[in-house]
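Sequences are here, hints too, so could you generate the full structure?
Residue 137 in this note's numbering sits at position 132 of the sequence shown; the count goes up by one each step and never skips.
Quick caveat, the hints were computed from the structure, so don't treat them as lab data. The beta-carbon is built from N, C-alpha and C at its ideal position, and this holds for glycine as well. Where hints are given, some of them may not hold.
[To be verified] Below, a list of computed lysine-lysine pairs in the DSS-like style, where the Cα atoms sit at most 25 Å apart:
| hint | residue 1 | residue 2 |
| --- | --- | --- |
| 1 | K28 | K127 |
| 2 | K124 | K28 |
| 3 | K123 | K28 |
| 4 | K125 | K28 |
| 5 | K126 | K28 |
[Stated by the list, open to error] Restraint-style ranges between C-beta atoms, simulated for each label pair:
| hint | residue 1 | residue 2 | range |
| --- | --- | --- | --- |
| 6 | F50 | I130 | 32 to 40 Å |
| 7 | L38 | L71 | 15 to 23 Å |
| 8 | V75 | A116 | 19 to 27 Å |
| 9 | L71 | W98 | 27 to 35 Å |
| 10 | I80 | K123 | 29 to 37 Å |
| 11 | M6 | V141 | 18 to 26 Å |
| 12 | I10 | L145 | 18 to 26 Å |
| 13 | V34 | F121 | 38 to 46 Å |
| 14 | K127 | Y82 | 29 to 37 Å |
| 15 | R122 | L38 | 35 to 43 Å |
| 16 | L49 | K124 | 38 to 46 Å |
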Amino acid sequence: MLEGIRMIVLLVSLFLCAWIDWKTERVSVPLLLLGGMTAVLLHLFAQEESVFYLMTGMSVGIVLLLYSLVTHESIGYGDGCLFVMTGLFLGFWENLVLLLLASVLAGIGAAVLLFFRKKKKKERIPFVPFVFTAYVLLLL
6 MLEGIRMIVL
16 LVSLFLCAWI
26 DWKTERVSVP
36 LLLLGGMTAV
46 LLHLFAQEES
56 VFYLMTGMSV
66 GIVLLLYSLV
76 THESIGYGDG
86 CLFVMTGLFL
96 GFWENLVLLL
106 LASVLAGIGA
116 AVLLFFRKKK
126 KKERIPFVPF
136 VFTAYVLLLL
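Written out as structure tokens, the structure reads:
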């Protein structure tokens, strides 16, 4: 039952973050904090996962944050924070798969936008909608 609640909370959080990112090209930090706190509370309530599980899950996002710092935000800090939050729900391996699938989808999306001349090569595209889509595909 708690697994279903976790899936729904993450799905709704990702949908809201994707919508905001699509419209404003910003990631909602308060929404990420709310989602992250909910994940921790669900883990505490279920008493299924260890602190190690939570820490390793967050590591994907932490690596993205470090990469963002080193590359002067070639990937945004908000995207790194998003993967810290998703890591609290999914753990390391599922979070890594989510990142890889979202990256592939974003690459395909960027190629389509370039092909139809909707975006230029140096323009940014919102990443969170691809993360949401990747999560939906992983749920299927």
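These are the hints, each one checked on the structure:
no., hint, verdict
1, K28 with K127, "19 Å, holds"
2, K124 with K28, "16 Å, holds"
3, K123 with K28, "16 Å, holds"
4, K125 with K28, "18 Å, holds"
5, K126 with K28, "20 Å, holds"
6, F50 with I130: 32 to 40 Å, "37 Å, holds"
7, L38 with L71: 15 to 23 Å, "20 Å, holds"
8, V75 with A116: 19 to 27 Å, "26 Å, holds"
9, L71 with W98: 27 to 35 Å, "20 Å, violated"
10, I80 with K123: 29 to 37 Å, "21 Å, violated"
11, M6 with V141: 18 to 26 Å, "21 Å, holds"
12, I10 with L145: 18 to 26 Å, "19 Å, holds"
13, V34 with F121: 38 to 46 Å, "32 Å, violated"
14, K127 with Y82: 29 to 37 Å, "19 Å, violated"
15, R122 with L38: 35 to 43 Å, "38 Å, holds"
16, L49 with K124: 38 to 46 Å, "43 Å, holds"
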